[in-house]
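Asker: Chains as they are written, first to last, in numbering that gives the first Met the number 0: chain A, 0 to 580; chain B, 0 to 277.
The set of hints was computed from the structure by calculation and includes no laboratory data.
None of these values were measured; they are calculated from a predicted model.
Derived list of chain A stretches under chain B, where covered just means 3 residues or more per stretch with a C-beta under 8 Å from a C-beta of chain B:
1) 429-437
2) 517-528
Calculated cross-link-like contacts (lysine-lysine; reagent style DSBU-like; alpha-carbon spacing at most 35 Å):
3) A/LYS526 with B/LYS58
4) A/LYS379 with B/LYS58
5) A/LYS137 with A/LYS19
6) A/LYS531 with B/LYS206
7) B/LYS58 with A/LYS384
8) A/LYS395 with A/LYS194
9) B/LYS58 with A/LYS395
10) B/LYS206 with B/LYS29
11) A/LYS560 with B/LYS256
12) B/LYS206 with A/LYS537
13) B/LYS206 with A/LYS526
14) A/LYS79 with A/LYS146
15) A/LYS531 with B/LYS47
16) A/LYS148 with A/LYS379
17) B/LYS58 with A/LYS480
18) A/LYS146 with A/LYS395
19) B/LYS51 with A/LYS537
20) B/LYS256 with A/LYS433
21) B/LYS29 with B/LYS256
22) B/LYS58 with A/LYS531
23) A/LYS526 with B/LYS51
24) A/LYS23 with A/LYS379
25) A/LYS384 with B/LYS256
26) A/LYS146 with A/LYS23
27) A/LYS537 with B/LYS58
28) B/LYS51 with B/LYS206
29) B/LYS51 with A/LYS531
30) A/LYS537 with B/LYS47
31) A/LYS526 with B/LYS47
Yeah, the Cβ is synthetic: ideal placement off N, Cα and C, and Gly gets one too.
For reference, the chains in residue letters:
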Amino acid sequence: MYITILYIILPLLSSFFAYKDNKKLTYTFSAFSLIVLSTISVFHFFSNSVYQFDLNSFLHTIITILDLVLLGYFAFIGFKAQNKKVLFLALFQAILFLYCIFNVSHESFGDLYLNNLSFFMLIVINLVGSIIAIYAVKYMEYENCSKEKRRFFLAYLWFFIFIMNMIVIANNYLLFFFFFELTTLSSYLLIRFRKDEISITNSLRALWLNQLGGVFILFAVIIAILNDSSIYFTQLKSPEVLIAIFLAFASFVKGASKPFESWLLGAMVAPTPVSAILHSATMVKIAPFLILKISYVFTPTLSLLITLFSMGVFAIISLQSLAKDNFKEILAYSTIALLALMVSIASMGTQEAFEITLYLIFFHAVSKAMLFMIAGVLEKQYHIKSIEDFTLLFQKSPIITSLILLGFASVTMPPFGLFFAKLFSLTYISEMIKQNPLYLLVAILFVVGSSLLVLLYFKVASKLIDFSSTQEKVEKQEVSKEFVFSSFLLFFIAVFSLVFVAFDSLSIFMFTTTIILLIVVFFLLLKLLNFKGIDRVKEYSCGEKYSHNVGVFYYDFDRYKTTFQNSFIALLFIILILGLV
Amino acid sequence: MSNIAIFLLIVLAPIYAAFFEGAQRVLKAKMQRRIGPPLMQPFYDMYKLMDKRALMVNKTHTLFALFYFFTLWILIAFIFLGFNLLYIIFLHLLASIILILAGFSVKSIFSHIGSNRKLLAIVAYEPILLLISVGIYMVYGTFEISVILNTPSQFLSLIFVYFAIILIIPAITKLSPFDAPKAHQEIVGGIEIEYGAIFYEFLYAAKFLEMIFAYSFIYILAGDNHIFGTFLVLFSFLLVNLIDNSTARIQISHMVKVILVLGIVLCSINILGSLLWA
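Chain B extracted, bound-state conformation (with noise of 0.2 Å):
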């Protein structure tokens, strides 16, 4: 990919990545045969969320927000320049950390749940992601996404691995059955429910940056083969999606446990499978 194509990738990642938020609510729609909301339906929410007053709780709360947008941005930068998929990981971890501190900050009890939900689901799905970078390592001998990007393919030696990542991305974009964090029903949309208007709209966006760095492990997945690494993005998305719709969010103690047990076996057998092949 030339420079520019890179930049304008990177640039451009928050416009593209509603998209990709828009068409995940027309396919929920018609998952659940409703009319739903046209695909430009997240630029339309932001032209609504700017239109509005503008209000807030504190300044470290809305600083917060900002700020996990802003590092979102930075790792999906670091993403398509191909760096080391440990700092991403790691990066990602501080982004997060940067949300919780905002739940955090204001004396709210659901944004304190959302909080602590949220926590908890890092330790679920966090050493799961570093235990599926250990497996690519296995196949692919390296840990730097440029590297894997032009690597011959080798999918089906990481098959378990995918189901780990399809296991996490739910936890990673708060989709069912491990939305707890979120939760609508139960704490009113957890962390979210301090902000407003213009605010909102960067913790809105920042979910779609989120939908980008859980989906960008299924790409690297596919090595050098970029064809078959879209497919199989759509492919995922489809299913995440179809699970989603067919679920029921569990409690956030089960959540741990099966994400973690179910993780670690994943990636267990597909590490130890590599050094058999090997």
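Okay, chain A solo, but in the shape it has when bound (with noise of 0.2 Å):
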């Protein structure tokens, strides 16, 4: 029961000493945070233990005011940016809390639960964001700004570990949207952080987005209260509907899903990789996470509607990602896509779909947050940004090219993590079907989304390996290793997680072995063949003299902005109709 404050404690203690910049301090802290709280939480997580408890009156008290005065500063950033939508959602955010504030009922039940899916989220949280915080120390040495702020802002990214760690065990509807509202200040505040033209741009757009998230959940709130039910998630029960339904749209803002995607793609081309991966390997999966924890109410006719609408979301946001050429913007497509899924696949419902969906969760939080890495130290020390500039990445650091080609793999192809998944959902579908024959539509936009992403992913690998045999040689450039380290532990953390899927039955381990070996001979012989004897040619070029260079083939389907966001638009409200019914 008391290991809920050393979820409190050790992140904020980081914090600290991230503010004193002690950089031994802050390594030995965060290292410490990350062991002990990623144990406490595989042993809760397999353990089954559910613990809850209240917060007392003052507390509540306390949680309230600093409630309004996050609000009231929304409404003064609006005032100052002169922000209309920032400021109006604000002040309607105010009312709506203030009625809730007066009118609830107080009842008493646990204000923090922990169970399972809890613990869950806490090992994602505390292992991907401890490493992505430990990362990001060196990252800001890079970083061109004054002492102070990387000061501020490596203290920051624990004090968002915070954030999530409660954001995951408050059971209480308003405690919920205090964190909730919490987490939108901190991407604020993150994708800011530059204060150049873009940053501050794209900062007010997630605010205000963001706020959109928190309105559904007042909404939330004010629906429980008007017909006298509880506002706690564990007392949810299925006739209401409309709560869940207002809670699913918050998810969607929060998980940036169609119609909200821009705040996300936004937060990535921002200039803050280390924000990008915060969000999109731990903040953004609030989204499936809130999903879980109500799709046990969802009518059988709502569980479909949503399952449907976020597999369009998959499918269209793949599409559209093919034109694109920033390769943080490419992840941050992928990621909304994959977000999609989880969110598509979460609120099926069932056992099955929850641990799908945990698969789905943890994998992607792994390989997007070394890919997303990876993106960092492109920027940093190759000054890479377009993936038109890759070319002649393979000499100048195979280290890292390797990296990202495996990252790629984790993300498509056997035998990692979220190819499980994938073929779970699909055996999972399958079953479905015949059950309900829509869900036939289900199936092939996932077939079609997922084929999608390789296209998406590989047609990047064209730009990453090719060379020349007859090339003059380009120089190798060394990578601090202090920036590759994380990267392969997140690696190993994939791999070994492997562990926990591949003892399922014995087909799925001689597959995994298999494949794994195959990918190890093929590094080992790369590294140690050299062919000798046989003699290199130039490439055949039809006899012409120059050289040629190619380009990155891209597939633009922008013209169909508006239809798609419209379209996706008119969705949400169909959802809300035909879910009441």
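Bring the two chains, given one by one in their own frames, into a single complex with the hints.
Answerer: Next up, the structure:
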């Protein structure tokens, strides 16, 4: 029971030392926090423990006051930046919030609730989040900013992990709302870190879109108050579909699902990759988490509607991503697509769907964090942002190239975790078709979307590895070890976690080990084999003398952009109407 | 089947698949009223290729070709061991990606175009392959090949899935009308162009293994009726070659549209139909 305090104290302590700018102590405490918190979470996750406890009324009052302060701050931001959307939404939220405060019945139930799901999220947050925060220490050394700002940034990362720890154990809607708004504040502060024009525009957009999510949660609270039902997640009963719908909408906002996706894209393009990692690896995972929490009250119609909606987002976003050339933007698109996939499967609401979603959440967090870290290295050490500049990267740094390829493979190829999640979901969806033929649409969108993701990743690869035999040597550039270390750590976590999947059955075990062996042998041979005595030749070029420069293919669907956006907004209303029927 | 027979089928796969390829060339020649090469031509080609002076562009490029071949061989082993259909499809995806990386790993325009087209071809047939296996699951109730092959044959309820397979076999084995990724006259063979001598032999042999992969889906449709399965494979072989001879190559973008639309429609008909009968 007292372990909850650790989830609060350790990140805050790390935050404190990061602010003190003591590198040694920061590293020590970060590593300590990483190991202790992940171990505790893993232990409790596997022992199926459940804890719950109340906050006393004093704490409740403090949180309410802080909430009002926060909303006031949002209004202030809106006023100062002369952004009407932010200002209006902040005031609107404040009115709704005050209504909730004065009308909510003071029932007492576990305000904090830790079960299997919460412990699982705690594993993801503390394992992946802490590794990112450790990586950030090195990363920020390359950042061109004052020492004050750097200290603030590193301290804030740990504060963010604390917020994330709290949001997954909050059981009360209002408490959840408070931490939800705090994550919104974090996005705002992390995105606008550099204070240039693009960062400020994107941060304001992220702010008002996420405030919409807050509005949806408050709607859910008000409906609960009007219907005289409980405002605790664990007390949610099946006839209260409307509450579930609004909470699901809030999760769409946080998970940057269509039509709200532009805030996450903005967060990625804004030049702060560390915050990009945190967003895509941890924060947006609130979306599938929230759906998993409420999906047991979904009616069959509602669960089909949300599944279809999100699977549609998965396919359409994968299609739209084919036109992009910024590496981080590509990763952002695939994050949104895979989040939609998670939400889609989570909303099916059965035990099997629950497990598949957990697989997806974990392996996606690990492999996306890894890819974003490499994107950060590319930006800081090689000054590469667009995939068009990837030329000759393999000669410059084989390690980085291999890591990118492995990262791509971990999203799409066997034997990595995401592949298993996809495998199980396809099996599961096929089973669902037998119950409701409309799931066939889900299956079609799923298979098309996932093959589009393959196309997306491996067309990028075309720029990564092309090189000629006869070209002059390119100088190798060493990458700093602290950068690569965290990527390797994440990769090994991904491979190691396969153990939990691979021992499921003999055939899976054989399959996994064979492919891992194949990959290992490939890299060994690449290192050892020299093909001595075999002559090297230049490529065939029809007798032409000049050298060719090959580009990447893009498939542009941007002319349908507005159509897509409008139809997804319409679909939201359809969910609202049909879900209630 | 006894263990030894399965073992032999796996180990000798590239050899008897070569006869498959030889037969295909003989058949094509007969359809075009040419004399054509003898049945043993793939083996003569092998001798010839092994005899030539080995040349290569770079190490990565060559290694990718070898691994493409070995991954496909492992894939064939998994088919004969009766693994899950989905594993096999995803492993085939891995093999194709290795081939695509091979195409990208040299600075050759033809090779790059070939790889890009191959990627588009994957976007076209990969979803259909998965839907085909969903269709098979609807009828036979499982994804495990070993179980399907011991279940009474229900070929007739899979007739549209059969058409879908016939639709994508040319895309997998690079036959007309879906041979844009290879397109000898336009892009000089695409990915194949930068390989020579013994290394080309691996790519050449991998093509035979791709044929086993593609036709094994047809064999599976027949369930436990192995004689019918064999007949079906031979018939489809004839049919696919007839299509190859009587159609012209279509553009890659058209190919993606045609395969996706037709394939999804065919598989959906079959899946919905099997729900109605059940």
